[in-house]
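Chain order of the listed sequences is A and B.
No gaps in the numbering here: position 161 of the first sequence is 680 in my numbering, and each next residue is one more.
No gaps in the numbering here: position 327 of the second sequence is 846 in my numbering, and each next residue is one more.
The set of hints was computed from the structure by calculation and includes no laboratory data.
Just so you know, not all the hints are guaranteed correct.
If several chains are the same, the list does not tell them apart, and a pair holds so long as it fits within one copy or across any two.
Straight line, CA to CA, 20 Å or less: simulated SDA-like cross-link-like pairs of lysine to any residue [to be verified]: (1) Lys832 x Phe620; (2) Lys785 x Ser768; (3) Lys729 x Tyr686; (4) Lys832 x Gln676; (5) Lys921 x Gln963; (6) Lys888 x Gln963; (7) Lys832 x Ser807; (8) Lys879 x Ser713; (9) Lys537 x Glu951; (10) Lys785 x Ala597; (11) Lys629 x Val916; (12) Lys708 x Asp670; (13) Lys785 x Arg837; (14) Lys882 x Ile854; (15) Lys538 x Asn548.
Nothing here was measured: the structure is a model prediction, and the numbers come from that model.
2 protein chains.
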Amino acid sequence: MKVAKFGGSSVASAEQLKKVAQIIQADQNRKAIVVSAPGKRFSQDEKVTDLLIKLGEAYLADKPYQSEQEKVLERFGAIIDELELSERILEEIKDDVATVFASDYQQELKLEAIKSIGEDSLAKILSAYLQSLGLDAIYLNPKDAGIILSDEPGSAQILDESFELLYKLHERKEIVVIPGFFGYTKEGKLVTFSRGGSDITGSIVAAGVKADLYENFTDVDSVYCVNPTIVDNPKEITSLTYKEMRELSYAGFSVFHDEALIPAFKASIPVCIKNTDNPDGLGTIIVSKKEPNGNPVVGIASDTGFLSLYVSKYLMNRELGFGRRLLNILEDECISFEHTPSGIDDMSVIIRGSELSLEKEEKVIKRIKEELDPDTVYTERDLALIMIVGEDMNSTVGIAAKATEAFSRANVNLEMINQGSSEVSLMFGIKEEGVERAVRSLYQEFFEEEA
Amino acid sequence: MKVAKFGGSSVASAEQLKKVAQIIQADQNRKAIVVSAPGKRFSQDEKVTDLLIKLGEAYLADKPYQSEQEKVLERFGAIIDELELSERILEEIKDDVATVFASDYQQELKLEAIKSIGEDSLAKILSAYLQSLGLDAIYLNPKDAGIILSDEPGSAQILDESFELLYKLHERKEIVVIPGFFGYTKEGKLVTFSRGGSDITGSIVAAGVKADLYENFTDVDSVYCVNPTIVDNPKEITSLTYKEMRELSYAGFSVFHDEALIPAFKASIPVCIKNTDNPDGLGTIIVSKKEPNGNPVVGIASDTGFLSLYVSKYLMNRELGFGRRLLNILEDECISFEHTPSGIDDMSVIIRGSELSLEKEEKVIKRIKEELDPDTVYTERDLALIMIVGEDMNSTVGIAAKATEAFSRANVNLEMINQGSSEVSLMFGIKEEGVERAVRSLYQEFFEEEA
Numbered sequence: 520m521k522v523a524k525f526g527g528s529s530v531a532s533a534e535q536l537k538k539v540a541q542i543i544q545a546d547q548n549r550k551a552i553v554v555s556a557p558g559k560r561f562s563q564d565e566k567v568t569d570l571l572i573k574l575g576e577a578y579l580a581d582k583p584y585q586s587e588q589e590k591v592l593e594r595f596g597a598i599i600d601e602l603e604l605s606e607r608i609l610e611e612i613k614d615d616v617a618t619v620f621a622s623d624y625q626q627e628l629k630l631e632a633i634k635s636i637g638e639d640s641l642a643k644i645l646s647a648y649l650q651s652l653g654l655d656a657i658y659l660n661p662k663d664a665g666i667i668l669s670d671e672p673g674s675a676q677i678l679d680e681s682f683e684l685l686y687k688l689h690e691r692k693e694i695v696v697i698p699g700f701f702g703y704t705k706e707g708k709l710v711t712f713s714r715g716g717s718d719i720t721g722s723i724v725a726a727g728v729k730a731d732l733y734e735n736f737t738d739v740d741s742v743y744c745v746n747p748t749i750v751d752n753p754k755e756i757t758s759l760t761y762k763e764m765r766e767l768s769y770a771g772f773s774v775f776h777d778e779a780l781i782p783a784f785k786a787s788i789p790v791c792i793k794n795t796d797n798p799d800g801l802g803t804i805i806v807s808k809k810e811p812n813g814n815p816v817v818g819i820a821s822d823t824g825f826l827s828l829y830v831s832k833y834l835m836n837r838e839l840g841f842g843r844r845l846l847n848i849l850e851d852e853c854i855s856f857e858h859t860p861s862g863i864d865d866m867s868v869i870i871r872g873s874e875l876s877l878e879k880e881e882k883v884i885k886r887i888k889e890e891l892d893p894d895t896v897y898t899e900r901d902l903a904l905i906m907i908v909g910e911d912m913n914s915t916v917g918i919a920a921k922a923t924e925a926f927s928r929a930n931v932n933l934e935m936i937n938q939g940s941s942e943v944s945l946m947f948g949i950k951e952e953g954v955e956r957a958v959r960s961l962y963q964e965f966f967e968e969e970a
Numbered sequence: 520m521k522v523a524k525f526g527g528s529s530v531a532s533a534e535q536l537k538k539v540a541q542i543i544q545a546d547q548n549r550k551a552i553v554v555s556a557p558g559k560r561f562s563q564d565e566k567v568t569d570l571l572i573k574l575g576e577a578y579l580a581d582k583p584y585q586s587e588q589e590k591v592l593e594r595f596g597a598i599i600d601e602l603e604l605s606e607r608i609l610e611e612i613k614d615d616v617a618t619v620f621a622s623d624y625q626q627e628l629k630l631e632a633i634k635s636i637g638e639d640s641l642a643k644i645l646s647a648y649l650q651s652l653g654l655d656a657i658y659l660n661p662k663d664a665g666i667i668l669s670d671e672p673g674s675a676q677i678l679d680e681s682f683e684l685l686y687k688l689h690e691r692k693e694i695v696v697i698p699g700f701f702g703y704t705k706e707g708k709l710v711t712f713s714r715g716g717s718d719i720t721g722s723i724v725a726a727g728v729k730a731d732l733y734e735n736f737t738d739v740d741s742v743y744c745v746n747p748t749i750v751d752n753p754k755e756i757t758s759l760t761y762k763e764m765r766e767l768s769y770a771g772f773s774v775f776h777d778e779a780l781i782p783a784f785k786a787s788i789p790v791c792i793k794n795t796d797n798p799d800g801l802g803t804i805i806v807s808k809k810e811p812n813g814n815p816v817v818g819i820a821s822d823t824g825f826l827s828l829y830v831s832k833y834l835m836n837r838e839l840g841f842g843r844r845l846l847n848i849l850e851d852e853c854i855s856f857e858h859t860p861s862g863i864d865d866m867s868v869i870i871r872g873s874e875l876s877l878e879k880e881e882k883v884i885k886r887i888k889e890e891l892d893p894d895t896v897y898t899e900r901d902l903a904l905i906m907i908v909g910e911d912m913n914s915t916v917g918i919a920a921k922a923t924e925a926f927s928r929a930n931v932n933l934e935m936i937n938q939g940s941s942e943v944s945l946m947f948g949i950k951e952e953g954v955e956r957a958v959r960s961l962y963q964e965f966f967e968e969e970a
């Protein structure tokens, strides 16, 4: 059995849904389908989920919400019309909205339920459309599919018992169409994953049914080895490992939801990224282990908006527990950190800027001064991290030399280098202004020289 | 006022002591003299402090100790003879040993007192010799000088009140000769610094008297930019900062006692390393700030015997407090660590091999498995750290590129790179077997190319 998940742009319009139906028809192993809510049809368009959030927030704030509601219904209405499906489906969607508003849910759970209507409605539409084409397809609510989640609205986690329930999908003869992005707690409350969480649903279903393959259909032919907004027509990655994908996602590769890899990884289900507009293309496959292909570097990722918290104290390394106490303060203040490069008498903590508001920064610095008595403590903002990723890097002499040479050629100063023992990745910290120059230079070094 | 400290090899024989006296006579600002115990006269020779430790341990274990005692007295006797000093001094030394043995000190404090006899006797000899040359010199016991220490035998720390007492040395007209390595607690117990601690005494005295210069006379012309046992005739460092010296000392530069820099650093006293055999040479001066000299790299240090404790866990970076909890376990087990390079889902802790016996390793790994539930945890031993040090490195593009290129040329794989925000140093971890190759290659890159 294959699990196929179709992302927002793949289900943005009736035209796209027709392609989706063709893809499903083309391989009878595609028995479990997971869908997102309709995304943008053109760059100025609004995603249905964004419309639903506006609608929900207006309603909850007792503000006029009719225009938002109409926009949502128009989007679905147009699709239903063009696919020549029964008007009854649109009535059902209207009723769903009304039911949520009339319910006695708490505000937070009402918003969760409103947000889920995008995926839920699209799953209903797609299953009806597949039926209209003569396929044996049904809509399956996540509750009936067996997706049981922790009670954490907006960032729910899968509970282990789900997988056994999901395995029973094998007993069904129909193609099941499951809305992504949400599930239910044990008590029956509707809760959602974090934003973009339909990828997670797909991965969970794939793990549950022990799928041969989890196909993730999106709007790119494959994962590129570097951000295509920085480098024109970069090379495509044909295969990479879960670990490599994870490190790339971390630093800016947004093709695939970070958290979504976990269920597939744990169940060793290969994940394939494909383009709905080019389903016969090779795509990119994500696996546990892959054969070396001659280039130890798989990809170059970059992300901005980091900051470095720098602390120095003469003879720091003789003070047992200094590092631990510094991290303790951060944990106390609920600040998660990324890395902690250190010298003999100094230590830096790399933090995402969003984790440390200026107000929080002041508090943290005050505590560090009071509790650790350092010689110096300050932060430096507007840092970018650049990661060079590849599982075969650790057995190859000279990777760091090539990389640092590329930075040097781009005239970019290295604020930080962090290479752990694993060497799945080499990480560099630089000032944000140099990031594009550096990435282009690295791309040239690792992907163009060989050509 | 200048404080001059003479190390073990500078006071190993009467011949050397004559040079010391000349040095003292040559500059009337050399008013406070600190001495070590006699060191080796030739490579197979024994240091007096080693003889004293053997003597003390034999006595405390109720074993025959006469031969050790004779060796000590012979060493001093020969010096006294050759300098044509009164035999009374040797009698006094003999009495000092007997007094310690007859005292009702605890065993630990007896050993402390025995260890201190090397420096103490030498200070008595040198002051008598200076007097015999017609100089106004006196022996000054650390208690009378005002060196008050914490009650930590073998690793005592200076107490702040000492500095004010030491400042009173300005009231003395004589040249004072103070034995290094020991002081007294508030309660009057004799306690020593860590081994090699005469450098610390000198630094404390220099800070106390607010010296214009702290001269540290030893047996090398200056600090070399790289270990001369690895590279033949390396370049000399004419000036470097406290921070640079500290980072170099950390990774194997043993010219100057690590801890000894602190008092001088805090009081901003320049420290000069000079050769007793070549006192007119420039030597190496250690200061707070120095002018750039064109080469941002000041020195290359290396040290072996490190290990890496590697821990990986999928999605580690989402687990708030993971790093802190790992460090907590190490702190619990009293293991001090050096560095913590980390990837997204992995973290390494670099530890000196001596900190983690195989038995302790087993315990730590067991705790990590139980408490942190990682995917992988293991250690890798026999690692070397190589540090490239220089305060001006942080504003120079391409240092990392040159360094990694040098490793690559030496065909040495980089296990770890750790560059903090400060960039006083760039640190590399490699397998021990490659250390000499790598250091030579780095020396060539940073110190020979320019020539």
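Against the structure, the hints come out as follows:
1. When the C-alpha separation of Lys832 and Phe620 is checked against a cutoff of 20 Å, the pair qualifies neither within a copy, at 58 Å, nor between copies, at 43 Å.
2. Only within a single protomer do Lys785 and Ser768 lie at most 20 Å apart by alpha-carbon distance; the minimum there is 18 Å, versus 46 Å between protomers.
3. In the homo-oligomer, the alpha carbons of Lys729 and Tyr686 lie at most 20 Å apart inside one protomer (7 Å), although the nearest pairing across protomers, at 79 Å, exceeds that limit.
4. Only between protomers do Lys832 and Gln676 lie at most 20 Å apart by alpha-carbon distance; the minimum there is 18 Å, versus 41 Å within a single protomer.
5. In this assembly of identical chains, Lys921 and Gln963 lie within 20 Å of each other by CA distance both inside one copy and across copies; the values are 11 Å within and 19 Å between.
6. Taking identical chains as interchangeable, the C-alpha atoms of Lys888 and Gln963 are never at most 20 Å apart, the minima being 44 Å within one chain and 42 Å between chains.
7. When the C-alpha separation of Lys832 and Ser807 is checked against a cutoff of 20 Å, the pair qualifies only between copies, where the shortest distance is 15 Å, while the shortest distance within a copy is 43 Å.
8. Taking CA atoms no more than 20 Å apart as the test, Lys879 paired with Ser713 passes in neither setting, with 24 Å inside one copy and 42 Å between copies.
9. For the homomeric pair Lys537 and Glu951, neither the shortest alpha-carbon distance inside one copy (43 Å) nor that between copies (62 Å) is at most 20 Å.
10. Taking the shortest alpha-carbon separations for Lys785 and Ala597, neither the intra-copy value of 40 Å nor the inter-copy value of 76 Å comes in at or below 20 Å.
11. Within a single copy, Lys629 and Val916 get their C-alpha atoms no closer than 56 Å, and across copies no closer than 55 Å, so neither meets the 20 Å cut-off.
12. In this homomeric assembly, Lys708 and Asp670 come within 20 Å of each other (Cα to Cα) only inside a single copy, at 8 Å, whereas the closest approach across copies is 64 Å.
13. For a Cα distance limit of 20 Å, the shortest separation of Lys785 from Arg837 across copies, 17 Å, qualifies, whereas the shortest one inside one copy, 41 Å, does not.
14. Taking the shortest Cα distances, Lys882 and Ile854 sit within 20 Å of each other inside one copy (12 Å), while across copies they are farther apart (30 Å).
15. Taking the closest pair of Cα atoms, Lys538 and Asn548 come within 20 Å of each other only inside a single copy of the chain (17 Å); across copies the shortest separation is 92 Å, beyond that limit.
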